[in-house]
Amino acid sequence: AQTVTQSQPEMSVQEAETVTLSCTYDTSESDYYLFWYKQPPSRQMILVIRQEAYKQQNATENRFSVNFQKAAKSFSLKISDSQLGDAAMYFCAYYNNDMRFGAGTRLTVKP
Amino acid sequence: GAVVSQHPSRVICKSGTSVKIECRSLDFQATTMFWYRQFPKQSLMLMATSNEGSKATYEQGVEKDKFLINHASLTLSTLTVTSAHPEDSSFYICSVPGQGNQPQHFGDGTRLSIL
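Protein chains in written order, with this note's numbering: chain P, 138 to 248; chain Y, 4 to 118.
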């Protein structure tokens with residue numbers, strides 16, 4: 138079975154600073170996808186960024202980027218120039234036929 | 004626009020009541036749909052995968068008789084929480100297979116509160 142581990146229950150960052158959220162996963166598959174989702178208080182699941190396992194290049198989406206280390210099964214999210222609107226729960230997710238989520242990291246952004 | 008429609012968004016009912024939650028795929032036909040449960044301040048846990056025209060596949064530890072799933076058409080899956088009790092209070096989210104950038108699209112969820 139696949140497992141996703143987020144070891145940081147809570148993180149805090151100063152506005153305009155950079156923060157990195159950690160995620161590791163375990164799988165015996167070679168072909169899969171990894172995601173970071175943002176869940177604000179409204180509970181909507183908002184896709185932040187996606188990474189295909191077969192791609193070596195790290196995905197980037199504006200202020201969001203990942204550090205994907207396939208051999209280490211690590212998939213961290215870096216948020217640059219943090220904004221107040223980035224405050225939310227962040228879930229790391231693994232996809233191979235269905236989506237499995239980590240426990241989540243609550244990000245607080247201090248003005 | 005929305006890809007998934009989940010209804011109702013909020014349910015409050017008495018203990019012992021059965022509650023039905025609907026999940027509709029708006030953009031395309033879905034032979035499978037997914038049901039997740041999220042306790043407060045916790046992660047989304049996959050409960051089951053509904054399969055159009057056949058039985059749902061439940062994750063280990065999920066009571067089949069408590070959480071009845073029906074996937075009668077290619078656009079509709081329903082989750083019925085039977086004889087609900089306060090411990091069934093939770094946030095339930097459905098998901099449908101996607102295309103392009105997202106392999107799954109998520110509904111806005113149903114907050115179920117059992118008194």
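Just so you know, the hints here were simulated from the structure itself, not pulled from any lab data. Worth double-checking, as some hints may not be accurate.
Below 25 Å or equal to it, Euclidean Cα-Cα: the simulated SDA-like pairs (lysine to any residue) are [what the hints assert, rightly or not]:
| no. | chain 1 | residue 1 | chain 2 | residue 2 |
| --- | --- | --- | --- | --- |
| 1 | P | 192 | P | 159 |
| 2 | P | 207 | Y | 104 |
| 3 | Y | 44 | P | 207 |
| 4 | P | 215 | Y | 19 |
| 5 | P | 215 | Y | 44 |
| 6 | Y | 44 | P | 192 |
| 7 | P | 210 | Y | 45 |
| 8 | P | 215 | Y | 88 |
| 9 | Y | 69 | P | 142 |
| 10 | P | 215 | Y | 105 |
| 11 | P | 192 | Y | 45 |
| 12 | P | 247 | Y | 46 |
Distance windows between CB atoms, simulated [said to hold, decoys possible]:
| no. | chain 1 | residue 1 | chain 2 | residue 2 | range |
| --- | --- | --- | --- | --- | --- |
| 13 | P | 177 | Y | 15 | 34 to 42 Å |
| 14 | Y | 76 | P | 222 | 21 to 29 Å |
| 15 | P | 248 | Y | 85 | 18 to 26 Å |
| 16 | Y | 23 | P | 208 | 45 to 53 Å |
All C-beta atoms in this analysis are idealised placements derived from N, C-alpha and C, irrespective of residue type, glycine included.
- Message: Need the list of violated hint numbers for this structure, in ascending order.
- Response: 3, 4, 6, 8, 9, 11, 13, 14 and 15
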